[in-house]
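Grab the two chains, each in its own frame, and use the hints to assemble them into the complex.
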Amino acid sequence: MRRFALIAVPYFWLLALFLVPFLIVLKISLSDIALAIPPYTPTLDFSAGWEGFKAFLGALDLENFEFLTTDDLYWKAYLSSLQIAFIATVATLIVGYPIAYGMANAPDHWRPTLMMLVILPFWTSFLIRVYAWVGILSTEGYLNQFLLGIGVISEPLTILNTNTAVYIGIVYTYLPFMILPIYSALERLDASLLEAAEDLGCSRITAFWLVTVPLSKNGIIAGCFLVFIPTIGEFVIPSLLGGSKTLMIGKVLWEEFFNNRDWPVASAVAVILLLILIIPIILFQRNEQKQREADG
Amino acid sequence: MKTTILTTTALLAFTAAAGAQEVRVYNWSDYIDESLLEKFEAETGLKLTYDVFDSNEVLETKMLAGGSGYDVVVPSGTFLQRQISAGAFQKLDMSQLPNHKNLWDLIADRTEQYDPDNAYSINYMWGTTGIGVNVNKVQEALGDDAPIDSLDLVFNPENMEKLAKCGVYFLDAPAEMIPMALKFLGEDPDSHDPDVIAKTEDVFMPIRPYIKKFHSSEFINALANGDICVAVGWSGDILQARDRADEADNGVEIVYNAPKEGAQMWFDQMAIPVDAPNPEAAHKFLNFIMDPENAAAASNYVYYANGNKASQEFLVEDVIGDPAVYPDEETLSNLFTTTPFEPKVQRVVTRLWTKIKSGT
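Chains C and E, in that order, are what the protein sequence lines are.
For what it's worth, my numbering labels the leading residue of the first sequence as 25, then goes sequentially.
For what it's worth, my numbering labels the leading residue of the second sequence as -14, then goes sequentially.
One chain only, chain E, in its complex shape (with noise of 0.2 Å):
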């Protein structure tokens, strides 16, 4: 065992130093087409290692820490805004970023409440949290008009009952989970006060004995496989294991839904911590994922909209044409963003999360 973590260390210590023309990404799991890294290195040269994370909590533990060895990481809204305060990244060099005129205001103006001026990030993709349903499945258990577009669904516990049985997933992201409940409840999902937040125990706590696992990338392919038929989970991430369910042609019909009672919007940036050993690569990098080629084969693959403006007329419709992708105006409306916790209220929030997911 020990010799194994020696030989590993010599090997990641032997390719750092080995590694001037290379690149190190580290981004969400599925949530690229893969193509498009063999695209990179084949027009760059460069030779690309690529990783995944699913959870911001652990991204953002290897920023703070230091010394990460990548060049271009992709957290999310508000955990990108603490890291910056704290200093983990560089600033982009506009100047090695031609595709930045690309960029859809529209998202920038957003991403501006967690990175000022853009000067850190640029968007990759951005979407919504909400519910994905085995339609067949769940209208076997609560009937044809089951409230499947409300939250409602997951955090009634006469709903959730009978859903256990053909079962529920919840995301493991108490930064998105807390501030569903606390929509649900009629309270401003962007509370930062522990007495507020607290609340939402007694919203989860009835339903906890109904949901199967806590989990933020199983969902996919439990949705797909119809092991489970309900996960609270990322837009994109439901609607590919629809498309993974039409291709296995199982049977399994899967619909997504931002919830009518609002849901939250969420952006993934692409930065460049500021240690990355080779910046010069992950311009390139960012500058591939710009080109409004790259970004619509990006989208189409992993259904999620992205921030790029000019991609938009390589989209199929499929994805610039499902409101669950590109939300029309009036649920665009309906969306709300969330601000990063302070230590303290994050300590509050991980604390009852723990209690939430154990039970006790």
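Chain C on its own, in the form it takes in the complex (with noise of 0.2 Å):
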């Protein structure tokens, strides 16, 4: 009974802060849009009793998702987050394993101030922090102001409203969820399984490759979910740096819940959204499951 108690506290929560939401948007993605407070139809009357309920039932419908289908820009815009998505978890990747790597092998006594430094930019506002990269990246800012006067470059870059500036954001904001868990994984790394390695002739490159990332493949796993889940949906970073011209499905979203004032349409592209990443995720742990039952 104690245990079953202990398993069902996580299992409700997932009910409550995943599964009840999640049907909620789906509900309205199968609504139509109306002119009223909620904006869509039908809303579920409680008072109707079991007839309310069918009738609410029937009025449901799949149009929507259908709509999605006749325009282009849904599923560039899908598409083109996950582009997205992908270089700029890469892009994290490269910057943040060495900075874990270097936090792993560092002095013990070290190791909690660079902790404290990776975590210390969570004290400021995030959007603030967005924010700052603006006065960084735009024509007149600091990052140009600095290149011109170190005589680098002759004309001012364009990188702010770039997918650059995009990149940048994204890696910046999402780097310590990145090095935290490859950082963890490292430092548990049983040094003297490098010792052996050298022992039995290999390069320490070699040794790197054959037992260090191997070791800390869980850590790049788990930190590249991390990233690549929220930048999908980003759209603090793409609307604050992007330009018109970044197309990324958090942004079409918004439009579609404040330009349209559309919350079906605007929950249907969630819902899909919602399916692109799990399906994904659902298989890759299946997987992992398979294989560790085939090795145990």
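Just so you know, the hints here were simulated from the structure itself, not pulled from any lab data.
There may be inaccurate statements among the hints.
[What the hints assert, rightly or not] In silico lysine-lysine, BS3-like type, Cα no more than 27 Å apart, as pairs: (1) Lys329/E with Lys100/C; (2) Lys269/E with Lys275/C; (3) Lys198/E with Lys47/E; (4) Lys198/E with Lys269/C; (5) Lys294/E with Lys269/C; (6) Lys275/C with Lys147/E; (7) Lys122/E with Lys275/C.
[To be verified] Anything over 12 Å on all C-beta distances counts as not near chain C; from chain E, calculated: (8) Glu45; (9) Ala71; (10) Ala93; (11) Gln98; (12) Asp137; (13) Gly236; (14) Glu298; (15) Val334.
Cβ atoms here follow ideal geometry from the backbone N, Cα and C, with glycine treated the same way.
In structure tokens:
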């Protein structure tokens, strides 16, 4: 019984914080737009009883999902979000791994300080940090002034309002989410394994690729998920740093919601986004589990 | 992150519970003399929370979601009309608004097309959508006879190509930019015919590469600083830019013109949401705004005309005497108004606008 209660707690949270909101969004995605509060129809009326519920179900349809297939804007935005998220995740990994590696190999008494430095930016609002990049990257900004000052460039670079700025923003914002899981994987790494590899004739670089990287695989995967998933739906970074040519699904969602005031279509966009994210993750975990079972 | 959200929600819930003596106003950005807010608090003893937005669309989403927590909001005419039919507002109680007598019939007659009998709203400000230019830079690019009072300036690709170097901003407001392009084409600016609306794509696409940004509030500073030389924007905002440039004494000279082909006239109306936490305080705020001296103080500060006849004796010459703020009869007859789009047409308009903005 106690065991059951213990397991029930996470399932309860999953139900309350994931499944219920998802069902609400799914329901809205099957509704029709209306000029009312809330701006869709039908709404569930409990006083009408069972008949009312049946009428409610009868009014739901897949029209909004059909609509999404008629306009190429949506799949273009999904694809471009996936692409931006993928490139940004790889870039974050390239920047983050050496930092995590350096931290894990630093002397013991330095580690808490280094850890603190990674977490420190979270003490300032995310929005303010992204705004700061506007000041750094703009045509008259600090970066251009610096580069012009030391004579590297003669014309200011246009970085703000381009995809490059979006990548910089994402890498900067999500870096700690990449560093921390990799660091915790590397920290647990048994140094004697590396000694053994070197004793058996591996060079340091080969030992790194054959021992360190595979053993930190779980950290890398966790870090990549933590960066990739929120990046796909990212809205703040592309809207502040990106240009009007940056097409991301978060922006499309915002437009459906605020410009068209079409909650049903906005919800349909969100449901598909969720499916795009969840299906690969479930497949991946299945695969992992199978492998573990095969290994075990 | 999650804790922050939780704490904020808890705080909001807390203040909402404690907010019996509070009034929350949601108005456009850069749209009031802030000393009026202090004056209101001092006069009424109510605590005033003043938030701002820069798009009617955002306001409408909040209104239709319900439970916005605001006591007074300021939608423009067409948006007000839609939100009234959605049941978002409550009728005003005229007995609580003794200053209502100060309003100007000329404006009240026109706002009746959005709010029959003006039962739900009072006019706060009205103005036109037109073109603001940095005269020196535009003349440098196009010569002394640059058509700064014509839509030709911003819709003719030849002009725009030359202006691109000094920077052009457009409003990010399809409900105003599309009618403007329709007017340029000689079509009915209030057309709801998707085929007619689609024609504006051919107006925007050739000039799209020369537009630096679509934004509805940043242009004030950009114009005043000299970062851009042309902004399609709202009359008073551009006149505020002129004022800021004068104060900074940076040699930037800004001029506003309502295009001679015809300009859109709009009305920002104060209304009380149906679920306002404190409607009584909301009426007090409306009544305060309709006080002639207060209305005049607001207009003198933001360079927009107000719908308050009695306030006119308190207006400075710079405002009442400027035809860009208070248009003369001839300009007034050249202004047009629009009506709200149906949801299907709205979708066509938004999609077209997304296409125009992204250039694809």
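Quick rundown of the hints versus the structure:
1. Lys329/E with Lys100/C: Holds - the C-alpha atoms of Lys100/C and Lys329/E are around 22 Å apart, at most 27 Å.
2. Lys269/E with Lys275/C: Violated, at about 39 Å.
3. Lys198/E with Lys47/E: 25 Å, holds
4. Lys198/E with Lys269/C: Holds, at roughly 11 Å.
5. Lys294/E with Lys269/C: It is violated: about 46 Å lies between the C-alpha atoms, which goes past 27 Å.
6. Lys275/C with Lys147/E: Outside the cut-off at roughly 31 Å; violated.
7. Lys122/E with Lys275/C: Not OK: Lys122/E and Lys275/C at ~34 Å, beyond 27 Å, violated.
8. Glu45: 6 Å, violated
9. Ala71: Violated: least Cβ distance 5 Å, not greater than 12 Å.
10. Ala93: Its Cβ never comes within 12 Å of chain C, the nearest being 25 Å, so this holds.
11. Gln98: 18 Å, holds
12. Asp137: 24 Å, holds
13. Gly236: 17 Å, holds
14. Glu298: It holds; Glu298/E is separated from chain C by about 41 Å at its closest Cβ, greater than 12 Å.
15. Val334: 9 Å, violated
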